[in-house]
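A.B. asks: Chain by chain, the residues run as shown.
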Amino acid sequence: MIYYAVIVAILVTMALALARALIGPTVYDRVLAVNMLGTKTVLLLAVAAFFIGRPDFLDLALTYALINFIGVLAVLEFFRVRAQRSLAEEKEGE
Amino acid sequence: MTVFTVFFIIFLLTLMVITALAIVQTKNLFAAAMLSGIFSLMSAMIFFLLDAADVALTEAAVGAGISTVLFLGALALTAENERAGTAGRAAALAVVTVITAVLVYATFDMPRLGDPNAPAQLHVAPWYLEKTPEYIDVPNVVTAVLASFRGYDTLGETFVVFTAGIGVLFLLGKAPVGQPKVSPAMTFAGKTGLRHYQIPRVVGRLLIPFILLFALYVQFHGDYSPGGGFQAGVIVAASVVLYALLEGEEQARQALPAWLLRLMAATGPLIYGFTGVACMLLGGNFLDYSVLAHDPVHGQHYGILVIEAGVGVTVTGVLISIFHSFAARGAK
Amino acid sequence: MSVEAYHLAVLQVVVPLLSAPFVVLLRPRGLAWAAASAASAMAFAIAVSLTAGVLSGDEYRYAVGGWAAPYGIEIRVDALTSLLLLVVTGASLVALLAGRRSLDVDIDDARQPLFYGAWMLALAGLAGIVVSADAFNIFVFMEVSSLASYILIAAGPNRRALPATFKYLVMGTIGATFYLIGVGLIYMMTGTLNLADMAQRVHEVADQRPVLAAAGFIIVGLALKAAVFPLHAWLPNAYTYAPHAVTVFLAACATKVQIYVLLRFDFLVFQGNLPGHEFQFSHFLMPLALLAILLASGVAMMERNLKRLLAYSSVAQIGYIMLGVSLLSATGLSAGIIHIFNHALAKGALFLAVACLGMHIQGLRLGDLAGAAKRMPWTMAAFVIAGLSLIGIPGTAGFVSKWLLISAALAEGSLGIAVVAVVLIGSLMAVVYVWRVVEAAYFQSPQAGSPEGRHEAPPMLLVVTWAAVLGNVYFGLAPGLPIKLSQAAAASLLQHLP
Amino acid sequence: MEILELYNYWVFAILLMIGFYAVTAKLNLVKKLIGLSLFQSAVFLLYISMGPVEGGTAPIFHADVTGRVFSNPLPSVLILTAIVVGISTLALGLAIIVRIKEAYDSVEENEIRELDRQ
Chain A
0 MIYYAVIVAI LVTMALALAR ALIGPTVYDR VLAVNMLGTK TVLLLAVAAF
50 FIGRPDFLDL ALTYALINFI GVLAVLEFFR VRAQRSLAEE KEGE
Chain B
0 MTVFTVFFII FLLTLMVITA LAIVQTKNLF AAAMLSGIFS LMSAMIFFLL
50 DAADVALTEA AVGAGISTVL FLGALALTAE NERAGTAGRA AALAVVTVIT
100 AVLVYATFDM PRLGDPNAPA QLHVAPWYLE KTPEYIDVPN VVTAVLASFR
150 GYDTLGETFV VFTAGIGVLF LLGKAPVGQP KVSPAMTFAG KTGLRHYQIP
200 RVVGRLLIPF ILLFALYVQF HGDYSPGGGF QAGVIVAASV VLYALLEGEE
250 QARQALPAWL LRLMAATGPL IYGFTGVACM LLGGNFLDYS VLAHDPVHGQ
300 HYGILVIEAG VGVTVTGVLI SIFHSFAARG AK
Chain C
0 MSVEAYHLAV LQVVVPLLSA PFVVLLRPRG LAWAAASAAS AMAFAIAVSL
50 TAGVLSGDEY RYAVGGWAAP YGIEIRVDAL TSLLLLVVTG ASLVALLAGR
100 RSLDVDIDDA RQPLFYGAWM LALAGLAGIV VSADAFNIFV FMEVSSLASY
150 ILIAAGPNRR ALPATFKYLV MGTIGATFYL IGVGLIYMMT GTLNLADMAQ
200 RVHEVADQRP VLAAAGFIIV GLALKAAVFP LHAWLPNAYT YAPHAVTVFL
250 AACATKVQIY VLLRFDFLVF QGNLPGHEFQ FSHFLMPLAL LAILLASGVA
300 MMERNLKRLL AYSSVAQIGY IMLGVSLLSA TGLSAGIIHI FNHALAKGAL
350 FLAVACLGMH IQGLRLGDLA GAAKRMPWTM AAFVIAGLSL IGIPGTAGFV
400 SKWLLISAAL AEGSLGIAVV AVVLIGSLMA VVYVWRVVEA AYFQSPQAGS
450 PEGRHEAPPM LLVVTWAAVL GNVYFGLAPG LPIKLSQAAA ASLLQHLP
Chain D
0 MEILELYNYW VFAILLMIGF YAVTAKLNLV KKLIGLSLFQ SAVFLLYISM
50 GPVEGGTAPI FHADVTGRVF SNPLPSVLIL TAIVVGISTL ALGLAIIVRI
100 KEAYDSVEEN EIRELDRQ
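Protein chains in written order, with numbering that gives the first Met the number 0: chain A, 0 to 93; chain B, 0 to 331; chain C, 0 to 497; chain D, 0 to 117.
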C-alpha cells in the first residue's frame, strides 16, 4: 500500500516540475525543473523496482543519478560559455 | 499488469505527449534540448515498467545524457533561438492527420498490452527464453540474444557507431574557413571549464573513479544484470565529459589524446569482427562462438565477453571523439 | 559446395566491413585509397564467384552464428541477389579506380583515410542489405550504408553539398524509420523477423489491420529511400554536389538496392498472402512510374547543370524499373530487374565521363562545356556512346531493357499500348537531353579565354571510363548473363503469387 | 479497461506524428533534428509495448525471482540497436549543421535556400 502512496506522490511532483519547465519563464527555472525531474525519476525508479518485484534493478537508478549530475554541469558550462561570448561581443561593440 | 500499473503508465505517457508538444512549440532551442532530455527520462521510466530494463538504462544514458551534451555543444556553435517559424504547415498537418488515422485504425486489431497469447510472445521469443540456459547459460536473456543469437545485428550496430564517429571526425576535422576564431576559453568546456567553481569540482573529482568502477561493473556484469558494452562505453564517455567540464577540454584531451581515441574507435569493431573470423577459422560459422572452447557453452561465454569488450572500446572511443570535435570547434 | 564457397556469402559483407577500420588507421598518402581499392576488388571477386555458383545451380544459405533461422539471422544468395552484388561491388571498384585523382583534389590528405573508411562502410552496408534474409538486419545495414553515404556526399567541394546532405539525412531517416515501423507491426502479428518465415506466418493474419498498415509503411518507406517519384526530392542535389567519384558509385547502386528490398519484401511477404495486394501494388506504382518518366525527363530537358540533368534522368530511369515491376508479369519483372543492371552500366559510364570533364572544367554547366569535344575528344566520345545506351539505341545495353519492357507491355493489351507510348516518349526526351550536352560540347565554339589544345583526363580515369562504355556495348550485343539472372530472379519472385 | 491497453499504441502514433510535423514543417535545422529524434523515439515505444506479458518480469533470471513468467527479450534487443542508430544519426546531423552554420552563417532552411539562389 505504501508503494501506491509514494508512487502517486512522486508522479504529482513530477507533473508540477514539468509545469515549471514548460512555463519557464527564465532559463534558470527550466534548468532547476529539469534537475528536479531527474531527481524524481531516480526516486520513482527506485520505488518502481520494489513495486514490480525486481529490487536487483536498483543499480539503474545509480546511472540515472549520474547522468543527471553530469547533465546539469553541462548546462552550467553552456551558460558560462554564452556569458563569456556575449561579454566579448559587447567589448567589440564598444 | 495490474490496473494500477496501467494507470501509472498512462499518466507518464500523457506527460510525454505534453512534453513533446512543448518541444515542438518552443522557439528557444535550449529549452527544446532540455525538454527532450526530460522526454527521454520519462520514456526510460516507461521502458522500465514495460520490463525492458536494458533499454531503460540505455535510453537514459543516451537520450538524457549524451544527446543533451551533444545538443548543447552544437547550440554553443550555432544559434540559441529559432528565427523562422514554419512553412507548409497545412500540407504537413494534412499528412500527419492521414498517417495518424491509419495508425489508430490499425491499433484496433492489435494484441492488448501484456497479452500472453499475442503472436509476438508465441513464436521465437519462448525459444530464446527456453534455450538460453542450455546454449548460452547467462541469466540476462537480452544479452544472450543481443550478443549471440542476433550477434550479427550487434556487429552492424557497432559499425553504425563507428561510422558516426568517422563521420563527425571527417566533417569537423576540416578547419573552418573565414570564421572569426574565438579564444579557447569561449568554446564549450574550453581551457578551464568549471575549474573556478569549487563545489562541483571537488564533488566531481571524487566521483570520477567511482564512475569508472561502475562502468566496469556495467561492462562485465552485463551477463547478469542490465548492461553491457554499449552502456559501459557511454558511462566511460560520460566520465570523460565530466572531467572535461571540471578541468577544461584541453586537460581531458591531454589525458586521452586524439590518436588514442581514434585507435580505440577502430580497434573495437576489429575485435568484434575478428572474433567472428576466428570462429570461422576454427571450423564454425561466422560469429559461432561455441567453437572457441572445448565446451560450446564456455565458448559462448568467451565470445560474448570479447565482443562486449569490443563494443565498449568502440563506443568509448567514438563518443569521446565526437564530444571533443564539437567542443574544440572554432578555437584558435 | 566446398567449405570456402560456403563462407563466401558472409565474406561478401565481412571483407569490406572489416577493411574499414584498417583503412581509417592508414596515415601515409595514397595508402588508404590503395587498401580500399584492394578490398573493393576482393569484394568484386567474391561477387563474381557467387554469381558463378548461382549460375551452376548452388543455393547459398548461411546461418550467422550457427543459429538456424528464424532464431538466428540468415544470409542467402540467389539469382537476384547475385545480380545486385555484381552491380554494387562493380560500381564501387570502378568508382574507386577512376576517382583517385579527383578525390585527391577534393579531400585533403589528413581526412582521406576517414573518407575511404566511410566508402568501405557504404559498400559493406549495401552488400549487407542485399544478402540479408532478416527484416531487422536489413534495417541495421541500411543505416550503416546510409550514414556512410551521408559522409561521402558531404565531402563534396561546393558548400551546397552540406544542405543537400542534411536533406538526404532527414528523408533517409524518415524512410528507414517507416520501414522499421512496418517491420515492427509485422513482428507484432507474426512473431518473426525472418523474411521466409514471415511469408508463411503472415498468411493467417493477412486480413488484420496492422498487417495492411505495415505493407503501406514498408512500401512508402522504401520508395522514399529509392527516390521513387514523387519522393525523389533528396536525390538531385545529393547527386549533383557529391564528389564525382561518389556520384558514380551511388548513382549506380544506392537507390537500386532499396528497390531490391522493396521487391524482395513485397513479392515474398505480401503478394500471395494479402488478398488483392498485387493489384494495389501495381495500381499504386504504375501511375507513379509513368509520371516519373515523363516529368523527370521533362525537368532534365530544361536543366542547365550537367550533373543535375543526369540526376533527374536517374529519377526517370527508376520510373522504368518500377514500370517493369508494376506489370507483374515474368517479362515485365525481368525487364525491370535487367534495367537495374543496364542503367547502372549506362549511368555509371555517364558519370565517369562527367568525372573526366570535371578534371578540367569547373562548374559543369552546359555553357561551360562549349568546345569540350575538341579539348577532350575521348571523353566526349565515351559520353556519346553511354548516352546512346541511356536512350536505348540497338547495340547498347539500354536497348535490351527497353526491348524487354516494350514486349512485356504489349502483352497487356490496350493498357500496354499507352505504356509503350510513354516509354517511347521518354526515350525521345532522353534523346533531347543527351543531345543538348552533345550540342554544347561539339557544336558550340569555346568561350573566349578558355585554354586551347587537347587536354584529356588522366589515363587511369579514361581507361576506366572506356571500360564501362565498352561494357555497355558488350552487354548490348551479348546480354546473356544479365538476361539469365534476371529471368531466374523474376521466376523466383513470381513463384509466391497464386 | 480493455481499450485502455491500447493507449501505448495511440501515444506511439501521436508522438510519431508530433515528431514528423516538426521535421517537415519547421525551418530551423536543429529543430528538425530534435523532431527527427522524437520521431525515432516513438518507434521505440511501439516495439517495447510488444514486450511485456501479463504478470511477467524482465527477462533476466535472478535467484530472487522464481515462479514468474518472463517477458519477451527480442523487442528490447531490437530497440537497443535502434537507440544506437538514433544517436549516431543525431551526432552526424549535428555535425552537418555546424558545418552549414559556418558555411552560410545561418541554420534556417529558408535563409539557406535564399543564399543558394544567388
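Hints listed in this document are in silico derivations from the structure and should not be mistaken for laboratory results.
No residue lacks a Cβ here, since even glycine has one placed at the ideal position from N, Cα and C.
Wrong hints could be hidden among the right ones.
What the hints assert, rightly or not - Cβ-to-Cβ under 10 Å is the rule here; a few derived chain B residues that face chain A:
| hint | residue |
| --- | --- |
| 1 | Ala21 |
| 2 | Val23 |
| 3 | Met33 |
| 4 | Ile37 |
| 5 | Met44 |
| 6 | Thr67 |
| 7 | Val68 |
| 8 | Ala100 |
| 9 | Pro115 |
| 10 | Asn116 |
| 11 | Ala117 |
| 12 | His220 |
A.B. asks: Quick one, is the B/Val23 hint okay against chain A at 10 Å, beta carbons?
C.D. replies: Because about 12 Å separates B/Val23 from the closest Cβ in chain A, which is outside the 10 Å limit, the hint is violated.
A.B. asks: Under 10 Å is the threshold here; is the Cβ of B/His220 close enough to any Cβ of chain A for the hint to stand?
C.D. replies: This interface hint holds because 9 Å falls under the 10 Å limit.
A.B. asks: Holds or violated: is the Cβ of B/Pro115 closer than 10 Å to a Cβ in chain A?
C.D. replies: Status violated, d = 17 Å.
A.B. asks: Just to be careful: measuring from the Cβ of B/Ile37 to every Cβ in chain A, is the smallest value less than 10 Å?
C.D. replies: holds, 5 Å
A.B. asks: Quick check on B/Ala21 please, does its C-beta sit within 10 Å of some C-beta on chain A?
C.D. replies: Because about 5 Å separates B/Ala21 from the closest Cβ in chain A, which is inside the 10 Å limit, the hint holds.
A.B. asks: Please verify that hint: B/Val68, Cβ, nearest Cβ of chain A, below 10 Å or not.
C.D. replies: With a minimum Cβ separation of about 5 Å from chain A (threshold 10 Å), the hint on B/Val68 holds.
A.B. asks: So, as I understand it, the hint says B/Met44 touches chain A; can you test that by seeing if any CB pair is closer than 10 Å?
C.D. replies: holds, 6 Å
A.B. asks: Does B/Ala117 meet its interface restraint, that is, does its C-beta lie within less than 10 Å of any C-beta in chain A?
C.D. replies: violated, 20 Å
A.B. asks: Can you verify the interface hint for B/Thr67: is its Cβ closer than 10 Å to any Cβ in chain A?
C.D. replies: Interface hint status for B/Thr67: holds (5 Å vs cutoff 10 Å).
A.B. asks: Against chain A, with CB atoms and a cut of 10 Å, does the hint on B/Asn116 hold up?
C.D. replies: At about 22 Å, which exceeds the 10 Å cut-off, the nearest Cβ of chain A leaves the hint on B/Asn116 violated.
A.B. asks: Using the nearest Cβ pair, does B/Ala100 come within less than 10 Å of chain A?
C.D. replies: violated, 28 Å
A.B. asks: Just to be careful: measuring from the Cβ of B/Met33 to every Cβ in chain A, is the smallest value less than 10 Å?
C.D. replies: At about 5 Å, which falls below the 10 Å cut-off, the nearest Cβ of chain A leaves the hint on B/Met33 intact, so it holds.
Checked against the numbered hints given earlier, the structure breaks hints 2, 8, 9, 10, 11 and satisfies all the rest.
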